[in-house]
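Chemist: Take the given structure of chain A and dock chain B to it, following the hints.
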Amino acid sequence: MEPRRPPRTVSDPKVRQVGFVTPAAAPPARTVSDTAAMPAAGASQELPLSGSSLSPVMIPPPRHDGLSARVTAPVPVPIAATALRLDNLQIRVGSYNQSEVLLGTPPMTSPSSRVEDAVSEFSDDVSASSLYGRTEPDKVGTAFPGRSGDLMPAKSVVAGGSIGGSHTPENPPTTSLVVKTLPGITEKKRGMLEKQHDEAAAPKPLKEKTTKAERRALQEAQRAAKSAAKEGGGADPTNTKKDKVVKPTPQKKDVPEVAASSGKKVDRPLEKERKKEVLPLRMQFDDKHKVEKVKQRAIVNQREAKSRVEFFQRLPQYVHGTQLQELEAKFFQLDAVHPSVYKVGLHHLSGKITGGNARCIAMLLAFKEAIKDYSTPPEKALVRDLNAKISGFVSFLIECRPLSISMGNAIKFLKNRIAKLPLSMSELDAKASIQSDIDRFINQKIIIADKVIVRHAFAKIRDGDVLLTYGLSSVVEMILVYAHEHKKKFRIVIVDSRPKHEGQILLRRLVAKGLNCTYTHINAISYIMHEVTRVFLGAASVLSNGTVYSRVGTACVAMVAKAYRVPVLICCEAYKFHERVQLDSICFNELGDPDAILKVPTHVESYLYGCMDNDNLQLLNLNYDATPSDYVSMIITDYGMVSCNQLLIYCSVF
Amino acid sequence: MPDVQALVNDFVLKIKRRKIEGSQATAKHTAELLRQVVSQQRITYTNQAASLIDAVKAVGEQLIEANPVELAIGNIVRRVLHMIREENVSSAMSAVEELALGSDDDEAEHDNRMGLSAAAVAAAARSTLRAPSLQTLLEDIPDSATAPHPPSSGGDSEGKNKSAAESSSRNKKLKHDVIEAINELIQEIDTCHELISAQAVEHIHQNEVILTLGHSRTVKEFLFAANEKKRSFRVFVAEGAPRYQGHVLAKELVGKGLQTTVITDSAVFAMISRVNMVIVGAHAIMANGGVIAPVGINMVALAAQRHAVPFVVLADCMDYGQLGDSPPIRVENPAFDYVAPKLVSLFITDMGGHSPSYVYRLIADYYSAEDLVVRRKSAP
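Heads up: the sequence lines are chains A and B, in that order.
Read left to right, the first sequence gives residues 1 to 654 (full-length UniProt numbering).
Read left to right, the second sequence gives residues 1 to 380 (full-length UniProt numbering).
Here chain A stands alone, though its shape is the one from the complex (with noise of 0.2 angstroms):
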């Protein structure tokens, strides 16, 4: 399943764009650019918004692709080249045959190059007949565009000459190996070899190419040595106009390839995606086929608790504690998985990382740290190997803990991210590049964020309140410790439940803060409700009915504040909004350890014991539920607070 989501996500946008919902992803980086004028991130997610038409709002600013433009073309403005790729990518949505359109149109600028190559791999016969066509002007005279066209055939027909065989005798007896490599290479021979394979040279070239297309950023310097020496040994006029151009050139040219690939790679997908993105399926564990295949793959090997309870046979279920000494273990023996997105997997697994925030956090950083050491096998390009690298580790996360939303809502903006990036870019450039989107989603998504639902929920609490909050919300501790710094007076009612006792930890740390608390259990929240005024609840999710997925037992305060007419105010950033809608806790939610439950303070011994064999006994542990829309009075998100029926405009408009 993880292999074919890097094209998915590539897709997602125009799949998007018909239905009602965009990707979760795609609304806080929106909202971000329009409010905290920071676009370069919401540029590419505008896309699916906007098919046609393109605002210069959407327009990435320099400075995110500076990195792919300073490099190709430092003169020719990189809103075009933006903006053609936009249209590149629209066009790879529609009908091919704009693509000739685009041929047609005068690319004035290296980037049009990366349009072209993504066409050409689009209809390879149409696109290297036409370069062919106008590599006639360039030979003549100036142009760029001419010369990526022209590079782009001369390419595949050297490339499917080296693979082929047929053509290398052709090839100066020098560079031979090389040829099939490097591309600079290639376009000295281009001349030469021009006429001879049009029909031989189009088919193949691609998955050369795509092979090739990785290396050659690090290979410039190198190319381009080689090709001013074989110049210098004899060559056209053609050909030392080249050795200007070589820099600029084998980036577009991997442009094309690349573009190519991975355009082609999407397209076929595309089809299959398109159906899949309607109803994207979670695993179902009841579905015993489907579930040893996982197995098989699967790293972590979790022992399936004995019973299970019926309504939650769909929901894996395993017994805890037993995996992670084997997982410790394991550590030296997997290659595939980063270190740190290992470290991140065992803290997730044993509890030690917990809290939507924190754990996608922990997540995105083990992540920049992976991509930091990351370097492009041969043979392969950046994109779809990186994309394919991390879903190796998203499942690798999963296996020890079920995503959550917040965790999969990143995840897309990573892939999202990688697999929108500009196919001329050079490796280490890719890799900051996507190190600085995971640091700004970091900051924006999710601190900023924070900062701002603070502001706007300390709003709300006036002096002599008596909050109430349930378990351990990083939010609502941040509203709380934020309002007593700003001398609100105001008490502080804790409501925990087993069997986590997260709020012993806010219990704690508040006090010690110097705050006025009171500590109670769940049970006793109808007892405690007379006396409160507000109830602040974090989230792990709004849903796109306006639904509030959290932790077990938030449906519970909200429904009783709701019995006493006590505002509930949930507290959620708007990167954890998910397009999902669902009516009752039942139908998705994830298992926690089921023992956790036979553990009973203030006795030594479980009065379940002795009976634990039972099959007629089952323990269930719930993680999260699902809170209706109607005992919610207001949704505090990072663009303000909204209603939940506002919320629903909202989530329809990302």
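Treat the hints as calculated values from the structure; they're not laboratory data.
Among the hints, erroneous ones may be present.
[Said to hold, decoys possible] Residues from chain A that face chain B, not an exhaustive set, calculated with beta carbons under 10 angstroms: (1) Ser526; (2) Lys562; (3) Ala563; (4) Pro567; (5) Asp584; (6) Tyr607.
Every residue, glycine too, gets a C-beta built ideally from N, C-alpha and C.
Modeler: Relative to the frame of chain A, chain B by itself:
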């Protein structure tokens, strides 16, 4: 008397240390203690009933004070006071009857019932609060059902007939009657579960999914009874947080072969949408139909209401409590919840199923209006 006082002190201590827990055990112990008190009470010749009432009240106050939250104590005290009054009135009535009708000794056995019910009607009429109640209508049945009482009271009235003037013997009889009545009460406490659980079959059908919270003996026996009738159903047990009695219940249910799932209290809302019926035991029932039950039940009731799941309360006979709209009990560490009557679908008592709006009637049957103040007296 000193030994009674010692007993009382002992009992108070036990209650305070929570050695005795659960409304049933408490009720039984209270009744037994009161029986002791009554039997130890010296016979006065002037007003036996009044002195008995005073003695019981004195002890009752101490007991109630020991644990004001355990309503069963107060209820039993009130029940006993009520019985003393009724016995007193009935003996007085029968004496009056004797005078009026002459001696019907021959048919004493038969007539005695009539006399009793007449006495009850008189007792009812005496208190303005009480309209002729269900209890008075049903009076014949329990009396005829409980064998030991009528003969003795019959003997009593006979005795009275013969020596109507001798108040001493009458007083002796009164005391005897009261003790008999208390014995009956104790018996009733014992059998009440059976009566309730006998109705289980009517309420639990095949493949039902039942949710309960905490541990209640009544609920347990209710479920057992249904299980014995080969109904297969599944039970979700919420653990009932501060004390986790749900685990105990789960263990017992599993032992009987019932399919049981233990859930945390916080998961109640999540699971309630798949539940057909919520069955809980009550700690006390208010006259307005509200329920005082282990903490957490209100949450369950609200969730049940949200999902239109029937919320059934199993009520022991000694659970009927307070009159009027009682606010939730406020205890430092809440052990109980107050459930508003609108959240309750049904009460199942030993007398059958009742709607919340009918509870005040049942209460009127059990207590005299005068005794409602027992607790208030003790408060200052």
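Chemist: Against this structure, judge whether each hint is valid.
Modeler: Here is what the structure says about each hint:
Hint on A/Ser526 holds. Least Cβ distance to chain B is approximately 4 angstroms, under the 10 angstroms limit. A least Cβ separation of about 9 angstroms between A/Lys562 and chain B falls short of the 10 angstroms threshold, and the interface hint therefore holds. Interface restraint check: A/Ala563 against chain B, minimum CB-CB distance 5 angstroms, threshold 10 angstroms, status holds. Proximity of A/Pro567 to chain B is violated relative to the hint, the smallest CB-CB distance being about 17 angstroms (cut-off 10 angstroms).
A distance limit of 10 angstroms between C-beta atoms decides the matter here; for A/Asp584 the minimum to chain B is near 5 angstroms, and the interface restraint holds. Interface hint status for A/Tyr607: upheld, as the beta-carbon distance to the closest one in chain B is roughly 3 angstroms, under 10 angstroms.
Going down the numbered hints, you'll see the structure goes against just number 4.
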